[in-house]
Amino acid sequence: MSRVFVCLVAIMLWSVAAQAAPDARLVLPDFAGLEKKATDTVSITLDAGLLSLASGFMNSNDPKDATTQQIIKGLRGIYVRSFTFDHDFVYQASDLEAVRKQLEAPGWNRLVQTRSKKTHEDVDIYVMVENQQATGLALISSEPRELTIVNIVGAIDLEKLRKLEGQFGVPKIDLDSAASAVGDKPH
Amino acid sequence: MSEDLDARLRDALRPVAPRSELTEALIARLGGNQNLNAGHEPGGRHDGKDAAPAIAAPVSRVPPTRRLQRPVWWLPLGLAASLLLAVGIQGAHEREQREKGMEARRQVFEALRVTNQKLDLVARAVREESKS
Numbered sequence: 001m002s003r004v005f006v007c008l009v010a011i012m013l014w015s016v017a018a019q020a021a022p023d024a025r026l027v028l029p030d031f032a033g034l035e036k037k038a039t040d041t042v043s044i045t046l047d048a049g050l051l052s053l054a055s056g057f058m059n060s061n062d063p064k065d066a067t068t069q070q071i072i073k074g075l076r077g078i079y080v081r082s083f084t085f086d087h088d089f090v091y092q093a094s095d096l097e098a099v100r101k102q103l104e105a106p107g108w109n110r111l112v113q114t115r116s117k118k119t120h121e122d123v124d125i126y127v128m129v130e131n132q133q134a135t136g137l138a139l140i141s142s143e144p145r146e147l148t149i150v151n152i153v154g155a156i157d158l159e160k161l162r163k164l165e166g167q168f169g170v171p172k173i174d175l176d177s178a179a180s181a182v183g184d185k186p187h
Numbered sequence: 188m189s190e191d192l193d194a195r196l197r198d199a200l201r202p203v204a205p206r207s208e209l210t211e212a213l214i215a216r217l218g219g220n221q222n223l224n225a226g227h228e229p230g231g232r233h234d235g236k237d238a239a240p241a242i243a244a245p246v247s248r249v250p251p252t253r254r255l256q257r258p259v260w261w262l263p264l265g266l267a268a269s270l271l272l273a274v275g276i277q278g279a280h281e282r283e284q285r286e287k288g289m290e291a292r293r294q295v296f297e298a299l300r301v302t303n304q305k306l307d308l309v310a311r312a313v314r315e316e317s318k319s
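These protein sequence lines map, in sequence, to chains A and B. Letter 29 of the first sequence, counting from 1, is numbered 29 in our numbering, and no numbers are missing. Letter 33 of the second sequence, counting from 1, is numbered 220 in our numbering, and no numbers are missing.
Just so you know, these hints were derived from the structure itself, not from any lab. This structure is a prediction, so every number in the text was calculated from the model and none was measured. Even glycine gets a Cβ: it sits at the ideal position worked out from N, Cα and C. Mixed in with the good hints there might be a few duds.
[Stated by the list, open to error] In silico lysine-lysine, BS3-like type, Cα no more than 27 angstroms apart, as pairs: (1) A:101 x A:36; (2) A:64 x B:287; (3) A:117 x A:37; (4) B:287 x A:73; (5) A:118 x B:318; (6) A:101 x A:117; (7) A:64 x A:118; (8) B:318 x A:117; (9) A:37 x A:101.
[As the list claims (entries may be wrong)] Here chain B is said to cover these stretches of chain A; the calculated rule only asks that three of the stretch's residues, wherever they fall, bring their Cβ under 8 angstroms from a Cβ of chain B: (10) 52 to 58; (11) 76 to 85.
Just need the whole structure built from these sequences, with the hints factored in.
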């Protein structure tokens, strides 16, 4: 009888803890208005099941596939919304209001913020940290003709993500120095 | 003339009582059917009573045992069709899963490509910042 009671209490505590833990998944707005105005739209919604399925179709002998497999191993979701326009600033800052509001919630920490007055390319990178481990990443990039939101949910190993850089034709960057150089900059 | 023809036709088509042999043959046949249905007591005996005369003959010329052993041609055909259907469904399911998996794989690469592209923007901004 006492064992059953202990089990019940453990289950209740676990469920309360699970509810209390901040969720790194952002509720992305519909963006139907932006989709109509955009000339090119990328909308990716990959939950844990699809990530697992995708991993099964990767060749572990291929270096790019193997690294990607390692990266998505601990992930529970990847969500991307990207819109390209044929005119400058078709979108409004208010379109991102709902997303930015969610990133003010406890658990989210701004890792990098860049503002370019010359090219108007602004990027914000947020990381959700739990027990000294990144459990989520959010990236908002607003350019004159492009708006991109990336939300990665799950245990992200930034080292592994860095390994992948360059494999898509993108040069390697140093996120640590980026954070230290830009993080404290007044905007 | 026509009256004569009419009278001859009536005469030819008038109802006639069946011959006694026909009645006997019918009774005999009925008795044979009962024997086949019962299938226990050849000779047409049921519950100790005389149900039909001993002259009862089977209706069909094919013996009952041979009729039971008639080859069921549709059984292997049905099994083969079921097997083919099952293989087809399995194949379609596997093909669908493969297409879904390949699409998910493509989307993972696309998502990481977009992410890395934006990280590159950060890198460039940092480089420009450090230059100035």
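Margin query: What's the verdict on residue 101 of chain A and residue 36 of chain A, does the C-alpha distance respect the 27 angstroms limit or exceed it?
Written below: This hinted pair holds, its Cα atoms lying about 24 angstroms apart.
Next item on the list: With a C-beta cutoff of 8 angstroms, work out whether three or more residues of the stretch 52 to 58 of chain A approach chain B closely enough for the coverage to hold.
Entry: holds (count 5)
Margin query: Would the hint linking residue 117 of chain A and residue 37 of chain A be met if the CA-CA limit is 27 angstroms?
Written below: 25 angstroms, holds
Margin query: So if I understand the rule, the pair passes when the alpha-carbon distance is 27 angstroms or less; does residue 118 of chain A with residue 318 of chain B pass?
Written below: 15 angstroms, holds
Next item on the list: Could you grab the alpha-carbon distance between residue 64 of chain A and residue 287 of chain B and see if it respects the 27 angstroms cut-off?
Entry: Status holds; Cα separation ~20 angstroms.
Margin query: What's the verdict on residue 318 of chain B and residue 117 of chain A, does the C-alpha distance respect the 27 angstroms limit or exceed it?
Written below: 15 angstroms, holds
Checklist line | Hinted pair residue 64 of chain A and residue 118 of chain A, Cα distance within 27 angstroms | finding: Not OK: residue 64 of chain A and residue 118 of chain A at ~35 angstroms, beyond 27 angstroms, violated.
Next item on the list: Please work out if residue 37 of chain A and residue 101 of chain A have their alpha carbons no farther apart than 27 angstroms.
Entry: 24 angstroms, holds
Notebook entry, point to check: At a Cβ distance under 8 angstroms, does chain B reach at least three residues of the stretch 76 to 85 of chain A?
Noted result: holds (count 3)
Check: Holds or violated: residue 287 of chain B with residue 73 of chain A, Cα cutoff 27 angstroms?
Finding: With Cα atoms ~18 angstroms apart, residue 287 of chain B and residue 73 of chain A stay inside 27 angstroms; holds.
Check: Can the restraint linking residue 101 of chain A and residue 117 of chain A be considered satisfied, given a maximum Cα separation of 27 angstroms?
Finding: 24 angstroms, holds
Violation of the numbered hints given earlier is confined to hint 7; every other hint is satisfied by the structure.
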